[in-house]
Amino acid sequence: MGHFLSPVFFYIQNSAFIMTHSVHNYSNYTMHQLLTAPYFLEWVRFPDATNTAFWEDFKKTYPQKAEDVNRAAAIARTMYVVKEKPAMLWENIYKEIKPRSTIRLNIIWKAAAIFILAIVATWMIFRTNTDNNIEIASHFGEVKKLILPDSSEVTLNGNSTIRYSKNWDKREVWINGEAFFNVKHLNPDGFKVHSEEIDINVLGTSFNIRSRRGTTSVVLNSGKVLVTDEDKQLLLSAPGDMAVYSKKELVKKQVPVSNYTSWQQQKLQLDQVTVAAFFEMLEDDWGYNVQLSDSSLLQKKISGEIDMKDKQVLMDALAVILNANVTQQGSTIIVTTN
Amino acid sequence: MYSTFIGLNKTVVLSGEQSLWDGLKRGNVQSLEALYTQYNELLYNYGKKFTTDIHLVQDAIQETFISLWKYRTSISADKGFNYYLLKSFRNQLLRLIKERANTTYTDENLEFSFEVGFDKQLIAGEEYALLSKQVKDALGQLTARQREIIYFRFFEGLSFEEIAGIMNMQVRATYKLTSRALAALKEIMSILLILKII
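Protein chains in written order, with the numbering used here: chain H, 14 to 351; chain P, 27 to 224.
None of these hints come from the bench; they were simulated from the model.
Please note: incorrect hints may appear among the correct ones.
Below are the DSSO-like pairs computed for lysine-lysine, each with C-alpha atoms no more than 30 Å apart in a straight line [said to hold, decoys possible]:
#1 96/H / 146/P
#2 111/H / 74/P
#3 205/H / 237/H
#4 162/P / 72/H
#5 51/P / 261/H
#6 266/H / 197/H
#7 322/H / 74/P
#8 98/H / 105/P
#9 322/H / 158/H
#10 205/H / 111/H
#11 96/P / 108/H
#12 124/P / 108/H
Computed beta-carbon distance windows for the label pairs [said to hold, decoys possible]:
#13 127/H / 194/P: 34 to 44 Å
#14 150/P / 267/H: 49 to 59 Å
#15 245/H / 80/P: 51 to 61 Å
#16 306/H / 56/P: 28 to 38 Å
#17 152/P / 94/H: 16 to 26 Å
#18 155/P / 74/H: 28 to 38 Å
We put the CB at the ideal spot given by N, CA and C, even for glycine.
Extracted from the complex, chain P is given alone in its bound form:
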């Protein structure tokens, strides 16, 4: 009844999600609905980083699931369902954004921004405000693609291989971009702090 997949972290994964994908392949609409219920929040929150237009994000989610249904028999999700849906959704959303912009649009002039929070029990009041601002400024200095990588790596916990695949880039390029992004982030942070201290 349970799949016996053992991941790197030695957890046993129950059949839930695999059975949804199996159901989808057999043409079960309820499986698609369950996948939608499960992934709507993840995709929506990721999509909102690119644009403030929620209708655009909702449309992209809708397109993603309609095409998931359309191509259900030929889909291979061997790199993980999470990965498959994020990649497919990213392509749909960027296509819609491009159409909307009605110009030649490249990944270079994409937006990607998010707000970081901390547990207020550990850090409060003025210190919280200060730290939030520092992180915000530091992120603001990065390019959109760099912020997207940081989002995936630190907040969604994806591997560099997955990030590269989703963002349509070579793995080596992700490493480079991330190391550069991280180096830049650190550099900016220390400059800001030095300026404050002096």
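Okay, chain H solo, but in the shape it has when bound:
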């Protein structure tokens, strides 16, 4: 029992613990022993005034141990638990929670509907897909290519969704997130793309659409598209024509096309983009969560090309562009200014 009391740890309410032992307890400790000494680890992981003073005092009292302390601290900081990369099984969850379409009916029809539903229910159970829409989504950071029933090509950026009617009676799709369209076989029926905010009538071939945080932008690559909001129409007819809908206003500008389409090669071409807008992209398309110590950084404008394929390259590029320390913990990026 005796040795379990030495050293004795005391906790005072919710504060960190205080030890009754002195620096002399550690006079004979080797580097390895320090690495498994609880109070040493607590200091490395959660330094505060008390434990920092304690270990500084130790180094002063036993200067021959200072190097061991520094080395043990450096190693302890790298200590990690071996991890595995799990499979993504979102589909299984989605199957369980899939929202059923809501139908609004008055009371009489409700009664009738319940009766009919009871009969239909049995039949429904055996149907594998009761949904009339096809919905295809991409994960964070995934660039997904797909071909629509009319053989038009769509490239989805990360965390984006495209939805269209299963029987494809109209050439019409709904977009949430970002996509590049290459529309084939134009005919009088046209091809329509909807975002939450605007509608696009496609008259020509290829264009980019991005719909995030209440703002939709359309950039024409080739051909012609007609962009419509509640009360206005804009025709985009020259490559680089851009329509932006934001805060209930639809405006037209001219931009370099490649700045808006390079994401398909998992590259970001930034041209005087604010750090705030860039961080939003990292959040919306890649699922990163950015934390930063200095919010004034957000207004800074940056330019350049960033390769998003290699995470380490991205972190290094961020550090250089922002002139800050950048570390990654899981999906969180922590930016601390020097």
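Given the structure of chain H, go ahead and fit chain P onto it with the hints provided.
Same frame as chain H, but now just chain P:
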């Protein structure tokens, strides 16, 4: 556009995660998917410490997110999203493990084990092997609950309050268990080292 939450470490947290939880409350399936993408790895790796059966862990993750969806309107995550999901997941997983064991199962006979690594640039070769073994032996002498606390405290950086909440124990008990666990760890380490030296 950004939330202005300022944490203890004075970092500004961007809206990302908060907006996902807001989206979830409004019934947005994509928000749930994004949360899943974000937390799958954390939960999976934590779950694997209890069992080697990956299907069990995957099932528990699935149950966690299905119930998150089911109770989305009544959930309060004021103690943090991390905390909420870890606690909910732990309950789901232990329930599944108990069902599987088909016996009366208490927290006392749970397993919890993990492997610790170091940066090989700082410590290499024989010394690496020796240190790994020492840490492994030292951890092996602790109870599963003690190892779980060490995992949360040192490797996931949780507070004692959070650990207590996740593991369904009183805060004081965590302090006690941790101090005892830490004291025991140190004690075991020094005994092992003394034996080696002699």
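Consistency of the hints with the structure:
1. As the CA atoms of residue 96/H and residue 146/P are separated by approximately 16 Å, the hinted pair is consistent with the 30 Å bound.
2. Under the criterion of a C-alpha separation no larger than 30 Å, the hint pairing residue 111/H with residue 74/P is consistent with the structure, at around 28 Å.
3. At roughly 12 Å between alpha-carbon atoms, residue 205/H and residue 237/H fall within 30 Å of each other, so this suggested pair holds.
4. A C-alpha spacing of about 28 Å is found between residue 162/P and residue 72/H, which places the hinted pair at or below 30 Å, so the restraint holds.
5. The hinted pair formed by residue 51/P and residue 261/H meets the criterion: a straight-line CA distance of about 25 Å does not exceed 30 Å.
6. Between residue 266/H and residue 197/H, the direct Cα distance comes to roughly 26 Å. Compliance with the 30 Å bound is thereby established for this hinted pair.
7. A hinted pair counts as satisfied when its Cα atoms are at most 30 Å apart, and residue 322/H with residue 74/P qualifies at roughly 29 Å.
8. Taking the CA atoms of residue 98/H and residue 105/P, the gap is near 27 Å; set against the 30 Å cutoff, the hint holds.
9. Restraint check: the Cα-Cα separation between residue 322/H and residue 158/H comes to about 17 Å, which is no more than 30 Å; the hinted pair holds.
10. Annotation: proposed proximity of residue 205/H to residue 111/H holds, straight-line Cα distance about 26 Å (limit 30 Å).
11. Restraint check for residue 96/P and residue 108/H: the C-alpha separation of about 13 Å stays at or below 30 Å, so the hint holds.
12. Taking the CA atoms of residue 124/P and residue 108/H, the gap is near 26 Å; set against the 30 Å cutoff, the hint holds.
13. Restraint check, residue 127/H to residue 194/P: a C-beta distance of roughly 43 Å satisfies the suggested window 34 to 44 Å.
14. Hint check: residue 150/P to residue 267/H, Cβ distance near 58 Å, so the stated range 49 to 59 Å holds.
15. At roughly 54 Å, the beta-carbon separation of residue 245/H and residue 80/P lies within the given 51 to 61 Å, and the hint holds.
16. Between residue 306/H and residue 56/P the beta carbons are some 30 Å apart, a value that agrees with the proposed interval 28 to 38 Å.
17. The given range of 16 to 26 Å is respected by residue 152/P and residue 94/H, whose C-beta atoms sit roughly 23 Å from each other.
18. Between residue 155/P and residue 74/H, the C-beta spacing of about 32 Å keeps the proposed range 28 to 38 Å intact.
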